[in-house]
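A.B. asks: Sequences are here, hints too, so could you generate the full structure?
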Amino acid sequence: MKFRNFTALIVTAAFAFIILQAFTIAPAAGEITLNEFGRADINNRTASRYLNKNVNSETEEVIFKETKNLESGSANIVTSVVANYRSFDTLGEITVLFLAAAGIGVVLNLEKSKKKKFAERDSSLILNTGIKLLFPLLLLAGTYIFVYGHLSPGGGFQGGAVIATAFLLKMLSDNKFVIKESNITLVESAAGIFFVGLGLYGLITRGAFLENFMATGTVGQLFSAGIIPLIYIAIAFKVGAELTNIVKNLIEA
Amino acid sequence: MSLISSFLILIMLAAAVAALVFDDLLSSIIAAGLVSLIAAVLFYFLKAPDVAMTEAAIGAGLTTAIFVLALFKTERGKSE
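Respectively, the protein sequence lines represent chains A and B. In terms of our numbering, the first sequence opens at residue 93 and continues consecutively. In terms of our numbering, the second sequence opens at residue 724 and continues consecutively.
Don't take every hint at face value.
[Said to hold, decoys possible] No more than 27 Å apart at the CA atoms, straight line, and that leaves these computed lysine-lysine pairs for DSSO-like:
#: 1; chain 1: A; residue 1: K262; chain 2: B; residue 2: K796
#: 2; chain 1: A; residue 1: K268; chain 2: A; residue 2: K224
#: 3; chain 1: A; residue 1: K272; chain 2: B; residue 2: K796
#: 4; chain 1: B; residue 1: K770; chain 2: A; residue 2: K157
#: 5; chain 1: A; residue 1: K157; chain 2: A; residue 2: K224
#: 6; chain 1: A; residue 1: K262; chain 2: A; residue 2: K272
#: 7; chain 1: A; residue 1: K262; chain 2: A; residue 2: K224
#: 8; chain 1: B; residue 1: K796; chain 2: A; residue 2: K268
Please keep in mind that the hints were generated in silico from the structure rather than gathered at the bench.
C.D. replies: What follows is the structure, given as structure tokens:
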């Protein structure tokens with residue numbers, strides 16, 4: 093047996109021992125342990141607090157443009173969940189998307205195809221003329237969706253997807269339009285570093301990763317909800333760059 | 724509202740079956756895109772506009788385009 097396999101076996105056994113212990117040994121008073129299966133006490137969990145919340149805040153009714161300093165400060169509850177309560181999951185999600193984009197890039201660049209490239213064919217006049225008009229409007233719509241993500245439906249993922257669609261249409265219509273690979277890499281990395289940097293700043297100043305460290309402001313205004321809009325802008329740039337990269341690889345391969 | 728929803732669901736089912744039975748792969752891709760598009764409209768009816776936007780942008784837009792591009796790269800032909 094190789095040394096590596098032996099080490100893996102020992103680590104697995106140790107984990108199994110720890111998990112078994114957590115289930116079998118009676119906890120001391122006040123100690124937090126795993127509950128017996130199916131006997132979770134929901135009242136002690138964070139989830140119950142979110143489940144019992146309603147539109148009215150815990151103290152008084154929420155009024156647009158008047159109520160200040162709510163917990164997350166976001167008018168869109170979905171955004172509150174995605175970019176505040178579960179923002180660590182969101183960091184994982186965009187990492188998954190990054191891995192998918194990287195995988196597509198690797199697979200498509202393994203061997204040079206002898207077939208005619210999609211980018212080399214001519215596009216129709218209607219597509220050309222239409223996209224000239226639509227491209228800036230699509231970029232504007234995508235930007236609106238992610239900048240207003242904490243106020244209206246939409247957010248970083250949707251805005252990023254719309255922006256990627258705009259670049260897809262531009263690449264389909266204009267075969268001289270080429271985005272430099274280094275620019276996509278720069279935007280993608282900068283957005284990722286910005287996201288993690290926000291999280292680390294929260295960790296240093298407030299003691300929790302991705303803690304909302306800025307003032308939440310008045311509900312319903314553009315500059316409200318603390319770091320949620322900043323996180324959504326980072327997500328939008330990252331998602332947009334990744335999806336654009338996937339499409340670019342497919343068109344140019 | 725429910726009448727429109729049922730009508731849309733019927734079209735969606737028909738498009739889903741069509742995506743399976745069409746011989747031409749390009750037609751299958753378009754039918755699958757139609758399923759996503761109607762799903763987006765239904766999500767909007769169910770008061771989930773966030774999901775509807777994602778479904779319309781990614782499901783109906785980007786996925787269809789990626790499938791078409793993949794079809795262009797491979798042999799254009801009939802399914803088995």
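A.B. asks: Kindly indicate which numbered hints from before are broken by the structure, ordering the numbers from low to high.
C.D. replies: Failing hint: just 5.
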